[in-house]
Amino acid sequence: MRVVKESLLTRIEGSASINLQIEGGKVIDAKVCVHDYRGIEKVLIGRPYMDALVINPRVCGICGHAHLRATVEAIEDALKVKHTKKAKIIRDITNISEILQNHVKWFYLYLMPDFVTKKKELSPFYEPFKGVKWRKAIEFSNLFVTMNALFSGQWPHSSYMVPGGVTCHVDEHTLIRAAEILNKAKSYICILDEDIENFKDLCFEFGLENIGNSYTHFLANCKVCYEEKQDTVKPDLIEERDDYSFQSKNPLAYSWALTVRYMGLPYQVGPIARAVKQKDRKVMSLFKVYKDSFMVRVLARLYEIHSLIEKLDQLLIQLEIHLNKPSWLRGKVKDLSGVGYALVEAARGTLLHKVWIKKGTIRDYKIITPSAWNLGPRCKNYIGVAEKAMLSAKDEWSAQLILRSFDVCSVCTTH
Amino acid sequence: MKLLWYQALTCCGNTHSFLSLEKSLWVLDEYDVIFHPAFSISHVLDDTLKDILKGSLSLDVLVLEGALDGRHRETFKLLAERSKCIVAVGNCAVYGNIPALKNKEVCGVLYRFKERSNVIEDENKVINLTGCPANPEWICGTLMAVRKDMNLKLDQYRRPLIYYSDFVHWGCMRNEYFEWKVEAKGFGSKVGCLFYLQGCRGPMTHASCNRYLWNGVNSKTRAGTPCFGCTELDFPREGLFETKTYMGIPVDLPIGVSKRAYILMSGIAKTFTPERLKDEGS
Chain A
1 MRVVKESLLT
11 RIEGSASINL
21 QIEGGKVIDA
31 KVCVHDYRGI
41 EKVLIGRPYM
51 DALVINPRVC
61 GICGHAHLRA
71 TVEAIEDALK
81 VKHTKKAKII
91 RDITNISEIL
101 QNHVKWFYLY
111 LMPDFVTKKK
121 ELSPFYEPFK
131 GVKWRKAIEF
141 SNLFVTMNAL
151 FSGQWPHSSY
161 MVPGGVTCHV
171 DEHTLIRAAE
181 ILNKAKSYIC
191 ILDEDIENFK
201 DLCFEFGLEN
211 IGNSYTHFLA
221 NCKVCYEEKQ
231 DTVKPDLIEE
241 RDDYSFQSKN
251 PLAYSWALTV
261 RYMGLPYQVG
271 PIARAVKQKD
281 RKVMSLFKVY
291 KDSFMVRVLA
301 RLYEIHSLIE
311 KLDQLLIQLE
321 IHLNKPSWLR
331 GKVKDLSGVG
341 YALVEAARGT
351 LLHKVWIKKG
361 TIRDYKIITP
371 SAWNLGPRCK
381 NYIGVAEKAM
391 LSAKDEWSAQ
401 LILRSFDVCS
411 VCTTH
Chain B
416 MKLLWYQALT
426 CCGNTHSFLS
436 LEKSLWVLDE
446 YDVIFHPAFS
456 ISHVLDDTLK
466 DILKGSLSLD
476 VLVLEGALDG
486 RHRETFKLLA
496 ERSKCIVAVG
506 NCAVYGNIPA
516 LKNKEVCGVL
526 YRFKERSNVI
536 EDENKVINLT
546 GCPANPEWIC
556 GTLMAVRKDM
566 NLKLDQYRRP
576 LIYYSDFVHW
586 GCMRNEYFEW
596 KVEAKGFGSK
606 VGCLFYLQGC
616 RGPMTHASCN
626 RYLWNGVNSK
636 TRAGTPCFGC
646 TELDFPREGL
656 FETKTYMGIP
666 VDLPIGVSKR
676 AYILMSGIAK
686 TFTPERLKDE
696 GS
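As you go down the protein sequences, you meet chains A and B in turn. Our numbering numbers the first residue of the first sequence as 1 and each following residue consecutively. Our numbering numbers the first residue of the second sequence as 416 and each following residue consecutively.
Everything labelled a hint here was simulated from the structure, so no lab data went into it. If you're wondering where the values come from, they're calculated on a predicted model, not measured in any experiment. Some hints could be false.
[As the list claims (entries may be wrong)] Using 27 Å as the maximum straight-line C-alpha spacing, the simulated DSSO-like pairs for lysine-lysine come out as follows:
hint, chain 1, residue 1, chain 2, residue 2
1, A, K130, B, K499
2, B, K659, A, K334
3, B, K465, A, K5
4, B, K417, A, K120
5, B, K659, A, K332
6, A, K388, A, K279
7, A, K325, B, K659
8, B, K438, A, K130
9, B, K596, B, K492
10, A, K26, A, K136
11, B, K499, B, K600
12, B, K517, A, K249
13, A, K136, B, K568
14, A, K359, B, K659
15, B, K659, A, K80
16, A, K184, B, K519
17, B, K693, A, K359
18, B, K596, A, K130
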């Protein structure tokens with residue numbers, strides 16, 4: 001008998017629900033529905049281009065900084081302005097610290113409580129509000145928030161990146177504070193490692209190591225995290241479709257999100273995509289056995305915490321070398337018109353911003369978020385990335401977990 | 416005390432602002448949190464609503480994050496009727512903010528920008544915490560003050576005076592440059608005031624960002640970014656990085672300063688600017 005289950009999710013960014021069709025102990029169809037739509041791109045049209053630096057971070061409360069970076073770098077690309085090397089280092093630091101606070105909160109606050117519902121012994125550790133680890137996670141993630149604010153002025157919703165560089169002045173004291181915070185953060189790693197082991201055990205206990213697989217076309221633009229010299233993603237090949245979006249007139253539409261395709265195909269983005277593209281040793285050894293299963297997708301995100309903390313260490317050393325260089329340079333802008341784009345790695349994957357500027361005014365703006373790649377609805381030819389992953393679930397509980405492994409951000413998906 | 420956190424059209428920025436101070440844990444301990452969409456294990460909102468309709472449950476504090484559209488308005492009203500106190504957190508919940516710019520249906524609890532929206536009738540139980548997002552200290556502090564039954568004095572927009580009677584300008588490290596009319600030449604420097612060219616709204620914006628620092632460490636103006644006036648009802652204005660001038664005088668002057676006083680003071684300040692302020696390199 002076919003059962004249809006519609007459930008509204010908690011512990012995600014914003015509001016989303018899933019519609020599952022379950023038959024014979026197997027999910028045979030899954031739809032991800034994202035509800036709220038704010039129309040941020042429309043707000044930008046007709047405004048001076050600098051306004052985008054204030055409006056765009058407001059797309060998302062947890063990855064607004066990535067939106068700021070994509071905005072400023074798209075504007076720089078459009079107006080042919082270069083930023084200083086020191087600014088690049090500082091932008092990397094704040095970009096990465098935002099990703100880190102996200103991963104920590106997501107794992108402890110959004111994912112682990114699902115296991116509490118199945119296994120009561122876990123509640124002293126992972127239960128919302130009371131759990132020891134739940135509370136520790138807030139301290140841990142806030143270290144990265146503080147690191148970010150040290151340079152960006154505030155988190156969430158800073159606008160400290162401007163064409164040509166960053167607005168902040170950095171001196172030896174800033175460096176010492178940043179090093180102090182990073183040092184403190186490292187003292188939490190042993191707790192994290194313990195929980196990574198706990199998580200793996202739970203995966204095997206509940207049979208989650210082999211389910212949740214989706215398309216293994218991965219897309220990542222690793223300039224930020226891994227020093228790739230050039231963009232490897234070609235933005236011209238990215239296409240948005242509204243086949244099943246409320247933004248079209250299709251009566252079968254079920255989500256406010258648009259579908260994103262690369263060369264016509266669905267692609268998976270996020271930490272797992274970054275790890276596979278970089279041939280990360282730890283992730284690849286798991287990937288060979290389990291592919292992009294629920295377990296591997298989660299572990300890729302957790303292992304990224306390790307590699308990004310190491311990266312922060314290197315960045316602080318680089319910053320020390322460039323300490324007396326300028327944070328910002330006034331670019332020589334010949335003409336305040338142009339079209340530009342930027343690809344940034346945000347916590348959930350590749351983020352694209354594209355801007356059309358004419359005489360200093362925004363003519364058009366396009367934002368394609370990582371969550372649109374992973375959580376967007378189906379198109380005529382392929383079902384969505386997260387939707388496909390859920391097809392291997394046995395029940396509602398495991399389907400929800402699989403969806404969560406994409407780190408659901410509905411506010412970004414629709415914006 | 417029973418608290419329910421409701422999210423409408425939002426970026427979730429106020430939830431993350433709130434969490435960004437460790438004292439948020441203490442605040443959560445002090446309340447009986449019935450539901451928070453980002454923290455609760457499951458979606459008990461529908462059950463809560465049923466209980467409220469039956470009359471078997473009432474709320475002490477209802478927190479609203481995000482702007483209200485048709486979909487959220489009705490649910491929010493039901494919850495609001497059964498709540499003793501409503502705390503609207505962030506500019507979306509208070510004024511409608513960005514989601515309301517291109518959609519006339521969208522508004523905050525009492526306002527839609529400068530107009531009244533009157534989603535609920537009894538405005539006396541509303542406390543507004545403006546800001547995009549509201550500073551974590553204000554959210555934690557206000558929720559604790561409500562918990563401890565302190566009777567917070569409010570301004571005309573129902574914002575607690577303890578947090579909104581300051582100007583962002585107060586405590587800004589660039590005050591001396593402001594006094595002597597030394598403008599910032601660009602970005603990335605500690606030198607110069609951002610009011611003259613970069614559009615800083617510090618002297619016109621009611622907020623204590625430079626008294627209660629963001630995330631315990633910093634503020635926009637301390638990081639060299641102009642204040643955009645995100646706690647006021649006209650946020651986001653157009654031309655956020657520009658100081659609009661008429662005949663060389665800023666169109667918007669610090670609150671309470673007349674044009675005549677401004678011109679007179681500027682003349683004197685510019686004539687007697689200490690050399691040390693002019694000479695500092697960038």
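Comparing the hints with the structure gives:
1. Distance check on the hinted pair: K130(A) and K499(B) sit about 26 Å apart at the alpha-carbon level, within 27 Å; holds.
2. Between K659(B) and K334(A) the CA atoms are separated by roughly 23 Å; this keeps the pair inside 27 Å, and the hint holds.
3. Between the alpha carbons of K465(B) and K5(A) the distance comes to roughly 21 Å, so the proposed pair stays at or under 27 Å and holds.
4. This hinted pair checks out: K417(B) and K120(A) have alpha carbons roughly 25 Å apart, not beyond 27 Å.
5. Taking the CA atoms of K659(B) and K332(A), the gap is near 23 Å; set against the 27 Å cutoff, the hint holds.
6. Distance restraint check for K388(A) and K279(A): the Cα-Cα separation of roughly 24 Å lies within the 27 Å cut-off, and the hinted pair is therefore satisfied.
7. Taken as a hint, the K325(A) and K659(B) pair is broken in the structure, with Cα atoms around 31 Å apart against an allowance of 27 Å.
8. In summary, the hint linking K438(B) to K130(A) is supported, as the alpha carbons are separated by about 14 Å, within the 27 Å threshold.
9. Distance check on the hinted pair: K596(B) and K492(B) sit about 49 Å apart at the alpha-carbon level, beyond 27 Å; violated.
10. A hinted pair counts as satisfied when its Cα atoms are at most 27 Å apart, and K26(A) with K136(A) does not qualify at roughly 37 Å.
11. For the suggested pair K499(B) and K600(B), the alpha carbons sit about 51 Å apart, so the restraint of at most 27 Å is broken.
12. For the hint linking K517(B) to K249(A), the alpha-carbon distance of about 20 Å falls within 27 Å, and the restraint holds.
13. Between the alpha carbons of K136(A) and K568(B) the distance comes to roughly 35 Å, so the proposed pair goes past 27 Å and is violated.
14. At most 27 Å may separate the alpha-carbon atoms for a hinted pair to count; K359(A) and K659(B) meet this at roughly 18 Å.
15. About 26 Å separates the Cα atoms of K659(B) and K80(A), which keeps this hinted pair within 27 Å; it holds.
16. The suggested pairing of K184(A) with K519(B) is violated, with an alpha-carbon distance near 48 Å, which exceeds 27 Å.
17. Taking the CA atoms of K693(B) and K359(A), the gap is about 33 Å. The hint is violated against a cut of 27 Å.
18. Taken as a hint, the K596(B) and K130(A) pair is broken in the structure, with Cα atoms around 53 Å apart against an allowance of 27 Å.
When the structure is compared with the earlier hints, violations turn up for hints 7, 9, 10, 11, 13, 16, 17 and 18 and for no others.
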